[in-house]
Structure formats: structure tokens, C-alpha cells
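**Q** Listed below are the residues making up each chain.
There are 2 protein chains.
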Amino acid sequence: MKRIGLWLAVVATVAGVVVPTAIEAQQPTEEAAPVFVKKIPPGYRDWRLITVAQERGELNDIRAVLGNDKAIKAYRAGTLPFPEGTIIARLAYDYVPSEENNKVFGRPQSFVAGPPKNGVQFMVKDSKKYAATGGWGYAQFDDGKPADDAMLKTCFPCHEAVKSRDYVFSRYSP
Amino acid sequence: MKRIGLWLAVVATVAGVVVPTAIEAQQPTEEAAPVFVKKIPPGYRDWRLITVAQERGELNDIRAVLGNDKAIKAYRAGTLPFPEGTIIARLAYDYVPSEENNKVFGRPQSFVAGPPKNGVQFMVKDSKKYAATGGWGYAQFDDGKPADDAMLKTCFPCHEAVKSRDYVFSRYSP
Chain A
1 MKRIGLWLAV VATVAGVVVP TAIEAQQPTE EAAPVFVKKI PPGYRDWRLI TVAQERGELN
61 DIRAVLGNDK AIKAYRAGTL PFPEGTIIAR LAYDYVPSEE NNKVFGRPQS FVAGPPKNGV
121 QFMVKDSKKY AATGGWGYAQ FDDGKPADDA MLKTCFPCHE AVKSRDYVFS RYSP
Chain B
1 MKRIGLWLAV VATVAGVVVP TAIEAQQPTE EAAPVFVKKI PPGYRDWRLI TVAQERGELN
61 DIRAVLGNDK AIKAYRAGTL PFPEGTIIAR LAYDYVPSEE NNKVFGRPQS FVAGPPKNGV
121 QFMVKDSKKY AATGGWGYAQ FDDGKPADDA MLKTCFPCHE AVKSRDYVFS RYSP
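Going down the list, the protein sequences come from chains A and B.
Note that the first sequence covers residues 1 to 174 in full-length UniProt numbering.
Note that the second sequence covers residues 1 to 174 in full-length UniProt numbering.
Keeping only pairs whose Cα atoms sit at most 20 Å apart, straight-line, the calculated PhoX-like set for lysine-lysine is:
no. : chain 1 : residue 1 : chain 2 : residue 2
1   : B       : LYS70     : B       : LYS129
2   : B       : LYS103    : A       : LYS163
3   : B       : LYS145    : B       : LYS117
4   : B       : LYS163    : A       : LYS103
5   : A       : LYS38     : A       : LYS129
6   : B       : LYS145    : B       : LYS38
Here are some of the chain B residues that sit facing chain A, going by a computed Cβ distance under 10 Å:
no. : residue
7   : ARG45
8   : LEU66
9   : TYR93
10  : PRO108
11  : SER110
12  : PRO115
13  : CYS158
14  : PHE169
15  : PRO174
I should point out that these hints are in silico values taken from the structure, not numbers from a laboratory.
We put the CB at the ideal spot given by N, CA and C, even for glycine.
Go ahead and model the full structure; you've got the sequences and the hints to work with.
**A** Pasting the structure below:
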């Protein structure tokens with residue numbers, strides 16, 4: 001019994017290492033990729049504006065929401081769900097009072113964007129790849145580095161609140 | 001004397017009507033145009049983002065500042081003064097709390113863009129045409145209609161405060 005138990009343990013250990021490797025080698029890269037977006041979509045800073053927003057509390061930022069061409073086209077046409085390949089980007093900046101502007105206005109009323117804050121976030125539409133999270137892959141990059149999966153798992157549960165708008169909070173500003 | 005006076009009055013009146021018409025016919029349209037921008041620059045809603053800001057007080061808006069290609073190129077390169085043809089657009093929206101977002105966050109912290117508010121404003125760089133106002137023509141359109149000159153005359157005196165940045169308040173957000 002002792003010997004059999006040992007052999008089973010060895011077999012299980014080897015299988016545990018070898019089998020996933022074999023599967024990874026057989027399947028295309030997409031299948032092996034994590035369910036979250038780990039690469040920054042190129043050129044996003046040149047995308048067009050969807051809307052702006054401001055968060056107080058711990059976030060304390062002012063933000064712009066940009067969209068790639070597919071996103072802007074869908075927003076303007078009122079297309080729901082968003083088409084495959086849609087990407088929405090959320091850029092956030094420190095929310096800071098502008099002493100310079102306030103002097104000109106003669107009263108404290110002006111807030112501007114400070115340095116980037118709270119990372120850059122993305123929603124990428126791929127109904128097959130991200131089927132488990134409403135067809136959207138979620139991403140956040142802090143100083144260019146992708147957030148870990150534990151953080152990204154918190155995205156979808158909140159976005160489910162706006163399932164009727166294909167899980168997208170931001171509305172288009174004309 | 002009476003007759004001469006009458007004749008002078010007639011000549012002056014006729015001249016007052018006829019002479020400007022003759023000048024208008026001879027000179028290009030630009031020369032006869034007012035010193036403020038009276039036509040909405042086409043396609044501005046597709047321009048790229050410069051930055052975002054928020055104004056409290058009477059304005060109570062949240063805003064995006066967009067730039068045409070020349071503006072974005074100059075901002076990114078740190079070019080001052082801005083080149084001829086630069087146009088900067090300021091789009092403002094009602095600053096409204098988002099009940100929808102606050103429910104998801106579980107606390108009141110989220111503000112979004114409501115309907116357009118406080119007009120759409122532009123600064124157009126043309127050093128010759130707008131020489132009297134630092135080389136920038138100012139414009140505001142409320143529901144597509146240009147603001148009157150009295151309102152537009154209030155732009156330049158404030159912008160003089162940032163003469164060292166070529167009269168432009170907005171800084172580029174990365």
C-alpha cells in the first residue's frame with residue numbers, strides 16, 4: 001500500500017505538470033490567454049471622445065472616456081449590443097483645484113486634470129473570448145503594467161448593473 | 001450755407017452706404033469679417049482630447065477640451081506659440097450626480113455629463129486676422145448660434161493672464 005500510494009503521488013505530480021503543458025502546445029494562443037486584457041490597445045490616446053465624468057471619494061479623479069472607431073460609430077447610431085472589436089478606454093487624472101484659473105475668475109470654482117491617476121482602463125468586446133463576462137474583456141494598466149486578475153474580477157459584477165446597455169455605463173455626450 | 005450743409009449731409013450719407021459696399025466688393029471676405037469667429041469649425045466633435053476640467057459656481061459644468069491636428073501636434077511637441085491654423089474647442093456639459101453609478105458604488109461620489117451647457121467655445125489661431133487679440137479669434141456658439149461681440153470681447157482680457165502660454169489655459173493631459 002505504501003508503494004502504491006507513492007506511485008500514485010508521483011504519477012499525479014507528473015501529470016499535474018505535464019498535461020497542461022501538452023494542452024497549451026496543442027491549442028491556439030487565444031485559448032490559453034487569461035480572460036482579461038493584458039495588452040494596452042495601441043493608439044488609444046488618439047481615439048475620439050465619448051464623454052467625461054468625475055469621481056469623488058477615494059477615487060477623486062476627473063476622467064475622459066474615449067472610444068475606437070467601432071465604439072464611436074455604435075454610440076452615434078445607438079447600436080446595441082456594441083459590435084465585435086469595440087474598445088472603450090477610461091483615462092483618469094487627479095482632480096485638482098486650479099489656482100491659476102481661480103485667480104482669473106476671482107473665486108474658487110475651477111478644477112482641472114492633474115497627473116494620470118487610478119490607471120487606464122479598457123473594455124474590449126469579443127463575445128467568444130470573453131463570453132463569461134458578458135462579452136467584454138476588462139483591463140487596467142497602472143504605469144503601463146496590467147492589473148492582476150483579482151482586481152479585474154471586480155469589474156464585471158458592477159457592470160452587470162447596466163446589462164441593458166450592454167454592460168457599458170458611459171453615455172455618449174454630443 | 002444751408003445748401004452746402006445739406007449737400008455735405010447727402011454726400012456723407014451716400015458715401016456711408018456706398019463706400020463700404022465698394023470696399024467689400026474689392027476685398028476678400030476675410031478682411032470684411034468681424035474679429036470674432038462666427039462659423040463653427042467643421043468636424044470639431046471628431047478632434048482628439050487635450051484635457052478635461054470642471055467648473056463650479058454659476059457655470060457648474062464638466063468639460064472636455066479638444067484640438068484639431070495642429071493643436072494636438074503642438075501640445076505634444078511643446079510648441080509655443082501655437083502654429084497658424086491651430087483650433088482649440090471647449091465642449092461643456094451639465095455637471096450632474098449619477099444616481100445609477102452611486103447605487104453601484106454604494107455611496108454618492110459619481111458625477112457625469114448631462115446635456116450640453118454654456119455653449120461650445122473655440123480659439124482659432126490666425127496671427128494677422130486676430131492680431132488685436134493675441135493672434136487668437138474667439139467664438140462661442142449656443143445651440144449653433146454665434147454669441148454676440150459684447151460677450152466675445154470678454155474672452156481676451158481673461159486669456160491675457162496666460163500670455164506666456166500663448167494665451168491658452170488648458171494644459172495637455174497624457
